[in-house]
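> Here's the letter readout for the chains.
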Amino acid sequence: MLTVNDLHASYGAIKALHGVSLEVEEGELVALLGTNGAGKSTTLKSISGVLRPLAGTVRFLGDEITGRKPEAIVKKGLSLVPEGRDIFGSLTVAENLRLGAFSSYERNRYQEDLEEQFALFPILKERFNQPGGQLSGGEQQQLAIARALMSRPKLLMLDEPSLGLSPALVDQIFALIETLRDRGTTILLVEQNAERALEIADRAYVLKNGLIKFSGTPQQLESELDLASVYFGGEEGMGEVTV
Amino acid sequence: MNEFIINTLSLGSLYALIALGLVFVYGILKLVNFAYGEYIMTAGYGLFLLGTYTPLPWWSVMLLSVALAALMSYLTELIAFRPVRTKSLTAMLVTSFAVSVLLQNAALLFISPRSRAVQLPAAFNQSVALLGVTTPLRNLLTIGTTVALLVGLTLLMKYTVLGIAMRAASDKFSTTRLMGVPANLVISVAFIISGLLAGVVSVFWVGRSASVDPLIGFTPLLIAFIATVIGGMRSLVGAVAGGYVYGLLFNVLSITLPASVINYRDAFMFLIVILFLLLRPEGLIRGSYTEERVG
Ligand SMILES: Nc1ncnc2c1ncn2[C@@H]1O[C@H](COP(=O)(O)OP(=O)(O)OP(=O)(O)O)[C@@H](O)[C@H]1O
Ligand SMILES: [Mg+2]
Numbered sequence: 520m521l522t523v524n525d526l527h528a529s530y531g532a533i534k535a536l537h538g539v540s541l542e543v544e545e546g547e548l549v550a551l552l553g554t555n556g557a558g559k560s561t562t563l564k565s566i567s568g569v570l571r572p573l574a575g576t577v578r579f580l581g582d583e584i585t586g587r588k589p590e591a592i593v594k595k596g597l598s599l600v601p602e603g604r605d606i607f608g609s610l611t612v613a614e615n616l617r618l619g620a621f622s623s624y625e626r627n628r629y630q631e632d633l634e635e636q637f638a639l640f641p642i643l644k645e646r647f648n649q650p651g652g653q654l655s656g657g658e659q660q661q662l663a664i665a666r667a668l669m670s671r672p673k674l675l676m677l678d679e680p681s682l683g684l685s686p687a688l689v690d691q692i693f694a695l696i697e698t699l700r701d702r703g704t705t706i707l708l709v710e711q712n713a714e715r716a717l718e719i720a721d722r723a724y725v726l727k728n729g730l731i732k733f734s735g736t737p738q739q740l741e742s743e744l745d746l747a748s749v750y751f752g753g754e755e756g757m758g759e760v761t762v
Numbered sequence: 140m141n142e143f144i145i146n147t148l149s150l151g152s153l154y155a156l157i158a159l160g161l162v163f164v165y166g167i168l169k170l171v172n173f174a175y176g177e178y179i180m181t182a183g184y185g186l187f188l189l190g191t192y193t194p195l196p197w198w199s200v201m202l203l204s205v206a207l208a209a210l211m212s213y214l215t216e217l218i219a220f221r222p223v224r225t226k227s228l229t230a231m232l233v234t235s236f237a238v239s240v241l242l243q244n245a246a247l248l249f250i251s252p253r254s255r256a257v258q259l260p261a262a263f264n265q266s267v268a269l270l271g272v273t274t275p276l277r278n279l280l281t282i283g284t285t286v287a288l289l290v291g292l293t294l295l296m297k298y299t300v301l302g303i304a305m306r307a308a309s310d311k312f313s314t315t316r317l318m319g320v321p322a323n324l325v326i327s328v329a330f331i332i333s334g335l336l337a338g339v340v341s342v343f344w345v346g347r348s349a350s351v352d353p354l355i356g357f358t359p360l361l362i363a364f365i366a367t368v369i370g371g372m373r374s375l376v377g378a379v380a381g382g383y384v385y386g387l388l389f390n391v392l393s394i395t396l397p398a399s400v401i402n403y404r405d406a407f408m409f410l411i412v413i414l415f416l417l418l419r420p421e422g423l424i425r426g427s428y429t430e431e432r433v434g
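So the protein sequences, as listed, match chains G and P.
Note that the working numbering has the first sequence beginning at 520, numbered continuously upward.
Note that the working numbering has the second sequence beginning at 140, numbered continuously upward.
Derived from the structure by calculation, the hints contain no laboratory data.
Be a bit skeptical, because a hint or two may be false.
[Said to hold, decoys possible] Derived CB-CB ranges, DEER-like:
| no. | chain 1 | residue 1 | chain 2 | residue 2 | range |
| --- | --- | --- | --- | --- | --- |
| 1 | G | Lys534 | P | Val223 | 22 to 28 Å |
| 2 | P | Phe236 | G | Asp582 | 38 to 44 Å |
| 3 | G | Gly538 | P | Leu294 | 50 to 56 Å |
| 4 | P | Ser251 | G | Leu580 | 56 to 62 Å |
| 5 | G | Gly703 | P | Ala237 | 52 to 58 Å |
| 6 | G | Tyr530 | P | Leu396 | 51 to 57 Å |
| 7 | P | Ala237 | G | Tyr530 | 27 to 33 Å |
| 8 | P | Gly291 | G | Glu542 | 23 to 29 Å |
| 9 | P | Leu294 | G | Gly652 | 21 to 27 Å |
| 10 | P | Leu247 | G | Tyr530 | 41 to 47 Å |
| 11 | G | Lys534 | P | Ser327 | 33 to 39 Å |
| 12 | P | Ala349 | G | Gly652 | 47 to 53 Å |
[What the hints assert, rightly or not] No farther apart than 25 Å at their CA atoms in a straight line, the calculated lysine to any residue pairs in the SDA-like style are these:
| no. | chain 1 | residue 1 | chain 2 | residue 2 |
| --- | --- | --- | --- | --- |
| 13 | G | Lys594 | P | Arg221 |
| 14 | G | Lys727 | G | Ser540 |
| 15 | G | Lys595 | P | Leu301 |
| 16 | G | Lys732 | G | Asp525 |
| 17 | P | Lys169 | G | Gly608 |
The beta carbon of each residue, even a glycine, is placed where N, CA and C say it ideally should be.
Build out the structure end to end from the sequences listed, making use of the hints.
Here is the structure:
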């Protein structure tokens, strides 16, 4: 469904990606893991068109979408829930959701989709006419995901959805991600919380310094390298693993 | 007193429209568009050319001139600003200077450096009596038109998807694109609305002096700056509030300053502006715009 090949990206002179390749098949939940600054968000930004990659290709549903405008990419069915939620604080919950449906709006489908979000996120119904900025962090994360779902994405990319949430809310978000996967949404999940992500992922990639250092199933990942070393350690664990 | 109120409302309305047109583009692109005054000039020459050389009735001359300003605004966005948009904000500022100078010089070269008389319907300047005050009809039209435009724009921004997208874009531009909102659409609409406002401003501005010249856009641009310093650059409401407060301050100064210093009214005005910058640099209305730039 999504094929990323040898992606290079930079912020001015700072190179962030040195040739990232990854693949997501239809129906899969793929985790993209890595430490702070590894390039996870940069990868998602390059895929979704927010950042124009220096080199490499991104193919989605058989078409090359490398360097296309973000608005064109979301219209094709690839939605990103950005890091830090990025909801529109001065817009109401209702308006946030309406914008989520911008690319795929159909009058008779809209109400249906709204009801679906309310079923998944009851709090959004309660807060429907409140400004997004008045929601708590967890509520904002729910709004950000619901907003992305309003476009009926074929592939949903989530950038650290559990960041900054209380343990109970983290549970809730992971349960939700599983629900979405079970309903057939393909998901590319970026997480710092590797353990939790590996519990639900079909496959995982580990990114380090802008390069994929590992790819495989969660079981392979756990047996082949000490998770802690991916996150806190130096090169010991990483040196042995080649992609 | 009633006369003071009507005069202040009329002047404030004009200033509010002037400021609003500038802030519409600023809100989304974070660009102070120096060419804004030249959109006012464009409509002014539209009034002159269409009114003098065509047999069109006055109302269609006005509508066409307003449309001309909107078109000019849109064209400058398309031709001048769009290509440099992804560069730096400085590049955009320099571009807006260039567009401003270019349009002024085009008017100097192709029309005339001297001011041209503009024919407006006599009714425009006719006096009418209201609440025991005789005032030019123009003043009441300014107030009425402004109220209608403000109501219309409020409805547009609040209840249409386009309006919601415009508000979102002035908050977080690149996230708005991630919703599928085309960047070009939002920016073009902002320029078109800015141009429409400039056109309407032009009708009333030219209505005061009954003439147009290549430098006519300078004073309105300055007024827009001052009004936005007072009201705040970060929200549409701030711009409108700033326009009315500026109109009020201006009229209060006109009345209270003794005859000997009335010529220094502008100096007093700038003193107030400096006080605002020192004491309340964000203006009266803080607004919710972020300073994120459009990349
Ligand atoms: N806007 C930016 N300007 C300059 N450098 C940036 C910018 N954003 C990220 N970088 C750099 O690019 C590299 C990759 O950053 P990225 O945000 O992709 O990391 P990440 O894996 O998402 O980290 P985190 O887990 O902290 O979100 C880092 O070295 C970072 O310093
Ligand atoms: Mg990140």
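> Provide an ascending list of the numbers of those earlier hints which the structure does not satisfy.
Hint 8 is the one this structure does not satisfy, whereas the remaining hints hold.
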